[in-house]
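Novice: Okay, here's what each chain looks like letter by letter:
There are 2 protein chains.
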Amino acid sequence: MSLYEKHRLLLEAAIEALHARTFYAAFPENPSPKTYGETADADGKTAFEAALGKPFAGLLQANADTWAGEETSPYTQESLNVSYPIYSTATLIDNAKSSQKSWAKASAETRAGILVESLMRMQSRFFEIAYATMHTTGQGYMMAFQASGPHAADRALEAIAAGYEELKRFPDATLWDKPMGKFNIQLNKTWRAVPKGVSLVVGCSTFPTWNTVPGMYASLMTGNPVIVKPHPKAVLPIAIVIAELQAVLKENGFAPEVCQLAADTQNHLITKELAEHQDIKLIDYTGGSVFGNYLETLHNKTIFTEKAGVNSVILDSVTDLDAVLNNLAFSVCLYSGQMCTAPQNFFVPSTGVKTPNGQVSFEEVAEKFAACLRGVTQNPKAAPFVLGAIQNPATSERIHNVNGLGSAIVLASEKLENPQFPNARTATPVILKVKATDKAVFSKELFGPIALLIETENTAQSVALAKEMALEHGAISCGAYTTDAKTQEFIMDEMAEACTPVSFNLTGGIYLNQHASFSDFHVTGGNPAGNASFTNPEYVIKRFTWVGFRQPVEAAAV
Amino acid sequence: MSLYEKHRLLLEAAIEALHARTFYAAFPENPSPKTYGETADADGKTAFEAALGKPFAGLLQANADTWAGEETSPYTQESLNVSYPIYSTATLIDNAKSSQKSWAKASAETRAGILVESLMRMQSRFFEIAYATMHTTGQGYMMAFQASGPHAADRALEAIAAGYEELKRFPDATLWDKPMGKFNIQLNKTWRAVPKGVSLVVGCSTFPTWNTVPGMYASLMTGNPVIVKPHPKAVLPIAIVIAELQAVLKENGFAPEVCQLAADTQNHLITKELAEHQDIKLIDYTGGSVFGNYLETLHNKTIFTEKAGVNSVILDSVTDLDAVLNNLAFSVCLYSGQMCTAPQNFFVPSTGVKTPNGQVSFEEVAEKFAACLRGVTQNPKAAPFVLGAIQNPATSERIHNVNGLGSAIVLASEKLENPQFPNARTATPVILKVKATDKAVFSKELFGPIALLIETENTAQSVALAKEMALEHGAISCGAYTTDAKTQEFIMDEMAEACTPVSFNLTGGIYLNQHASFSDFHVTGGNPAGNASFTNPEYVIKRFTWVGFRQPVEAAAV
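Taken in order, these protein sequences are the chains called A and B.
Per the numbering used here, the first sequence starts with residue 4, numbered consecutively.
Per the numbering used here, the second sequence starts with residue 4, numbered consecutively.
Excised from the complex, chain A in its bound form (with noise of 0.2 Å):
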């Protein structure tokens, strides 16, 4: 059985899905022994602590003669001492163009089959890839396995069902008849989706894996030979994803380097040389904005980004204010606010918020959010895990600065104590309070736990404010608090323009900075945060060319 019929009805239900954008997930997110197996935990454990100080092993590409690695432990702030091959430009295009051929002539039935099978073998390192987050990310334990693994590899596959749709959206064949009155005229037409060319894709430090897969798997289907770069802080997670990727690419006959691995250094950094070199035709990128921007404008190349966005919170009405603000003190929390979907600018009204009992001040406001935000941080049993650490030491700075800012704190930063790991990076939020009027302040992104109140005259300029920043500075999530239908109306209407997703009323366990898989458009490509979007077709579509070839029946050559 081909690895297309083992696949088959996974992809044709990951296809259905997409359409449906109901609940969907090939890859159960629960970590639990149940599901995974009693020792799987333990297992991945040991296969990340056996990792540590050695060339990474399992890369099927062409030797290097360099090997490096600059990865340290958020958590102990140990190097893992994982090398890995490092190329020079030069010859990871060589590589990349050696295995293009092969792999643009492949049918999408086989590329689809082959990339399915490399998300089952990553799925059986999915507790190693885990550990690897967390020491690279700093991401808690929940958090490494599920963004990392399952809700990766779900955004892979939702990658490839996207790519084999689009590459089956016209036949490869058909018979063109035309009646001309007395005769007809018939050509046999064909057509081919034709691959753009080399493929770059450079990911983040905060997610390895989840930002990058989705660019490297939908530039695979679509027949283009992918360099993964990965940031150096964060390369262990997704070189056991290539490796198992690589192992399935050899097995069924292609070249490993139709994938390869493209490690660098602080020291010589080569995003730059690779992205403006000629040979390569796409580009994915997560990280900053002006990196972000400075690749938007090369020129004969099809660019994807993900960069910085100003995420804001609109609150106008609320029916349980508590339900509300734990809700939204968890969303601040959750890995220290350095997902790209973490609010950071809230929005209230001087007069307050409406609730059932009547209108809460802003300063009540301020002091109940600093309240349900020391709830979950001074939990000992969840703080840790939700927190996790601080991946970067500038999120930290930065932190430090804003909490030197003096009167307008209502919460400061503290560090949290992570009784696992002492040295941990961490801090806990810190919330200000700014005027309306200080927009210097909040029009830009400032990454990490940072929750800024804003004291608006009403819900009409907050929602001004919300899509002013979101169609000037981008915005990836937005979430909005009303109980009113007309103003919900006009939150949507506005916020679209800005082409902004709203979570409307969110409280309990779902949280603004959630985007699914198979229904969430992630990004939406129309706002400053990126010009890419899991996934929508324009992100598959783009990476590849419909040519046509036609002939009169008779003449077939032979």
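Bear in mind the hints are in silico, worked out from the structure with no lab data behind them.
Don't take each hint at face value.
Same chains, same label: a pair holds when it works inside one copy or across any pair of copies.
Taking lysine-lysine and the DSSO-like style, the derived pairs with C-alpha atoms no more than 27 Å apart in a straight line are [what the hints assert, rightly or not]:
hint, residue 1, residue 2
1, K384, K185
2, K447, K284
3, K199, K447
4, K37, K185
5, K304, K199
6, K489, K104
7, K171, K9
8, K199, K489
9, K284, K199
10, K384, K181
11, K489, K108
12, K104, K171
13, K304, K284
14, K37, K181
Assemble the complex: chain A is given as a structure, and chain B must be docked to it using the hints.
Specialist: Coordinates of chain B only, in the frame set by chain A:
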């Protein structure tokens, strides 16, 4: 019955045709009295003549202060003396924006109904449009009727169908129901396809409706108001289309300014002003590469271009050389080579072309080709209609300059007598012989009836040069003649990499210049000839953004 219901079956048939890609046409291409009525042609001619010398009647858009027009008939050299309303860029943008919200909020069904109805109104004026096209572009009567009438309407319908399908590809609403073990999380989710914004469609002087309506209808279908900026020398045909559309918009409660005609004059061209305006979010452009390349560099806009290309014919082996050369001669003569799909570079090995009767030498192919061309141009019953007139004096100039190159001329260009229009600007095709080493001569588009016979070492070099021309300078069509299946596969592989469609072994009444709606993708978007393709999914998807909204089932606002 709504307009959507009225046209629903047609729309469904068009969507089906997009995917079957067999022959399909909604608008009959034969201007026969049986189809269009006994008096249709005469009525159209009368209507055209009645429009001359007056301000153009029928537009419903806001009044303008000034009116102007600069069209001259390539057949009579006389001014049409039709004037059109002239607006400032600011007024055009303001008018578009004031019509924007209601059009964006209209359902896909409402928009599709209105747009298909407008094509029916356009159909009622096909003959008038044909005469307007003849006397602005110089096209012969039959091409003017077909290209500006039924073929353009079919391409418009194709854009409507593709846009409608994409808007319906995801649900408006769904229930997201996630099992969490002991309970489910349920979210009501909705999605909107948010239009990108004001759309600018820039027309060309040779195909004023055919090259304009795809972008115009694609933008309108996806909810964007459109400003149509025609070439100042070819306004009347598209003005008629816009007037009919504005009438349907108004009848259905929408502002006519949803689609505005934005004529300009040579002494104040407004394309650059419009294109650079921050409120223009989408640009469709047909025309020269220099301006097209400039447009493609504009930031924060979605650009669709069709620019110049260098189209090749590869001659390797044939079963009937006369049939082949007659077919190619007609391709060169059709509208005097002023089609973006017209062949220019004919690659022939120095050893000649293989035929069932042996090798026919390069020189003999050149002589036979010249004879075939004379066969078309010296047929007084056909030539004036096939060749039409030269739209632009600069094209005549180019032909004369080429004539003056001297010894390499196989066939010189001559004036073609047109008994009906003695003042017609005409030129029969010139054939030049060029060495494969004289790359400077054939590495650019020589717009007009200019054919270059390029002597190559062998077919491999012919293919390499055709591929290089396409990759470096763009190509929209390619013809290839081979009786060998391996050579054909080789040509397909190579030209696919240059994203150029190839017509193989065409003889008889079908020409490589002809791209059929609902079957042939026109321009692939994959080489420098342009980044647009009539009509693939990308052509419509990039005109809107998917934005999602969600809220807990129990939390619906009231």
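Novice: Are there hints from earlier that the structure breaks, and if so, what are their numbers?
Specialist: none
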